[in-house]
Amino acid sequence: MTIFLAVLLGAAFGFVLDRIGATNPGYIIRMLNLSNLHLMKTILAGIGVASILLFAGLLLGLVDPGHLSVKTAYLGVFIGGLLLGIGFAVAGYCPGTGLTAMATGRIDALFFVIGGLVGAGVYMLVYAGVAETGLLEAVAGGKATLAPVSGTDYPALFGGVAGEWLGIAIGVAFIVVAWLLPARIGGAGRQAVPAE
Amino acid sequence: MTFFQQVPLPWKAGGLVLGLVFFLAVLLVKPIGVSTQFVILDGILWDAVDASVVVPSEEAKSGYASTNAYLDKSGGKYAKNVANPLNYGFVFVIAMMVGALVSALLRGGVPRGERAMPQVWRVNFGDSIAKRYLATFVAGFLVLFGARLAGGCTSGHMMSGMMQSSVSGYMFAAGAFLAGIPLALYLFRKEG
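In order, the protein sequence lines correspond to chains F and S.
Residue numbering for the first sequence follows our numbering, beginning at 1 and increasing consecutively.
Residue numbering for the second sequence follows our numbering, beginning at 1001 and increasing consecutively.
Source of the hints: derived by calculation from the structure; they are not laboratory data.
Since the model is a prediction, treat every value here as computed from it, not as a measurement.
Every residue gets a Cβ at the ideal spot worked out from N, C-alpha and C, and that includes glycine.
One or more of the hints may lead you astray.
Claimed, not checked - Short, incomplete list of chain S residues facing chain F, as computed with Cβ under 10 angstroms:
id, residue
1, V1049
2, S1052
3, V1055
4, I1129
5, M1163
Claimed, not checked - Stretch-level coverage of chain S by chain F, calculated; a stretch enters the list once three of its residues show a Cβ under 8 angstroms from a Cβ in chain F:
id, segment
6, 1015-1021
7, 1062-1076
8, 1080-1086
9, 1094-1100
10, 1109-1116
Unchecked claim - If you anchor each label on the Cβ, the simulated ranges turn out as follows:
id, chain 1, residue 1, chain 2, residue 2, range
11, F, A173, S, L1028, 47 to 53 angstroms
12, F, I185, S, K1131, 26 to 32 angstroms
13, F, G134, S, G1108, 34 to 40 angstroms
14, S, K1190, F, G134, 39 to 45 angstroms
15, F, F158, S, S1052, 45 to 51 angstroms
16, F, L157, S, K1131, 40 to 46 angstroms
17, S, A1174, F, S150, 24 to 30 angstroms
18, S, L1020, F, F4, 43 to 49 angstroms
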């Protein structure tokens, strides 16, 4: 049954990534150089919609809190994010969009994926050494959420607020920001060319 | 062009379907993540040339152990997935690629001139295919090394993490955009 869901959800995710333009590295690069924020608006709205549905579903008892999976916070999360950001900007791909772009026939994405397999392989080999540096030690409560969520035992940064309502409020805020964000930022001296 | 061929979708429609997929994944199974599967595929390839890398183990929580510390961590959960590729996460990622291919075919495929590099690369760095492929190879290395160090990527940390209001999701997104935006502004001064 879960394999059937893996096929269904995976296919839906890949289809949507392609439809929002995320398999096109041009849109990702132009999101990061701020010359076309269309994809940024889509992503912010997506996080907002997902957050509202998730926390409303938890409040209504429709979502099993056991399905949440909060990852540990440690210094390496931030440093890894920086490294990923560098490659994200150069290539215009992240792991999911690189794989899906490759599937749509983009050859530069194939090289990205091969580089990714090597990078992940090197991390496997150096993992024991990385762990010794303390970069993987939990900070800020470890597997923490911003506010406590009923039915889970994740520690929370702000204890006095109901995590479900905060989650809904943050979701709304993401959508508002997506709405307010301009189509582009800056652009003096830059020449706009219509997308493909 | 019909709505069904339109890419990208208007951001409101795109955000709605994107959010819906991330929500459905949590509702039905668990949050979406992708980058772990690069490790699983590496493990499968490694185990294919050296069968001693992943072995069944009665002491391990997952039932599998590995000589590699990373595959062996958390009770050998990665080792188990290497030994059984037909698991949820791996099948999800394969299906994801099929879904993207179907979508691309329905909209007429990626134009031939775009397949080696996007226009914004071409106007800033020229037509050299070798330069673009080398750059994406190195970028892929950094992205997956970084994602594994962080314990997740744009899907697992940023989208799935922030939708659950997890602290690590915000840490990751801060790092990714703090590096990504200034670098893209510096590298891609012409728009394409």
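message: Please list, smallest to largest, the hint numbers that this structure does not respect.
response: 1, 2, 3, 8, 11, 13, 18
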